[in-house]
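K.L.:
The residues making up each chain are set out below.
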Amino acid sequence: MIYYNKVKLTLHLKESDELKNLVEQLRKQKNERQEELANIVGVSRQTIISIEKGKYNPSILLAFKIANHFNKSIEEVFIYEEEE
Amino acid sequence: MNKLVKGKMIGSIICLVISVGIFVYTLTFGKTLNEELHSYLNGFAGGMFGVGIVTTIISINALKNPSKARELENSINDERLKSINNCAMANVCRICIILQAVSSVVCAIIGKMEVAKYLGFAICFELIIYIIMYSYLKSKN
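The listed protein sequences correspond, in order, to chains A and Z. Residues in the first sequence are numbered consecutively from 1, following the numbering used here. Residues in the second sequence are numbered consecutively from 1, following the numbering used here.
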């Protein structure tokens, strides 16, 4: 079963809106370490940790890089949910 | 060798050369300088030398070890660290301007009008630079 990480956006979205991501799950499926993913997409390991924990929302460019690495579309990795 | 690591290495070497140059200058012409300027230059050179040594060691480690080089490159390019750095710098600027404004008022109250005027001038200058920078970045983005 896949659990989504909850991400609170502080700049671009309302407090009630959420961006979830499957980075941790997809990385574990690929048997990759955080450090390896960080090197592939060109960021630090701490950034990957923050993205997985939902503390940091990546830029659209980094989100595309991560999605491309997992051979998924950006919507399959990062899911935006607007609360009504 | 990566361009970024190379750039860091060149920067640290320039830092070291300038600091050594200042040390040599103070040793050669130390007698002609007044004591305050002498210690000021030595302190300045000491700080630069320290920064130069640390960044040179980091760069040499990165050159010897490709994984370290990659780590360094990632830490320089990391968008999260860049945004944190920008945010920290912006907050420091805000705090500095507020402190200057408060200090200026305090100086004016205690009768040190010269210092108060200089601080006021510095605040105006900083805000003018801010407006110019803001307009420039706004036009670029």
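Bear in mind the hints are in silico, worked out from the structure with no lab data behind them. Mixed in with the good hints, there may be bad ones.
Taking lysine to any residue and the SDA-like style, the derived pairs with C-alpha atoms no more than 20 angstroms apart in a straight line are [stated by the list, open to error]: (1) Z:K3 x A:V41; (2) A:K55 x Z:K3; (3) A:K53 x Z:K3; (4) Z:K6 x Z:F49; (5) A:K65 x A:E82; (6) Z:K68 x Z:F49; (7) A:K65 x Z:D78; (8) A:K55 x Z:K68; (9) A:K53 x Z:F49; (10) A:K72 x A:L26.
If you're wondering where the values come from, they're calculated on a predicted model, not measured in any experiment.
K.L.:
So, for every hint listed, does it hold in this structure?
P.N.:
A quick look at each hint next to the structure:
no. : hint          : verdict
1   : Z:K3 x A:V41  : holds, 18 angstroms
2   : A:K55 x Z:K3  : violated, 31 angstroms
3   : A:K53 x Z:K3  : violated, 32 angstroms
4   : Z:K6 x Z:F49  : holds, 19 angstroms
5   : A:K65 x A:E82 : violated, 24 angstroms
6   : Z:K68 x Z:F49 : violated, 23 angstroms
7   : A:K65 x Z:D78 : holds, 13 angstroms
8   : A:K55 x Z:K68 : violated, 26 angstroms
9   : A:K53 x Z:F49 : violated, 40 angstroms
10  : A:K72 x A:L26 : holds, 10 angstroms
In this structure, the hints that do not hold are numbers 2, 3, 5, 6, 8, 9, in rising order.
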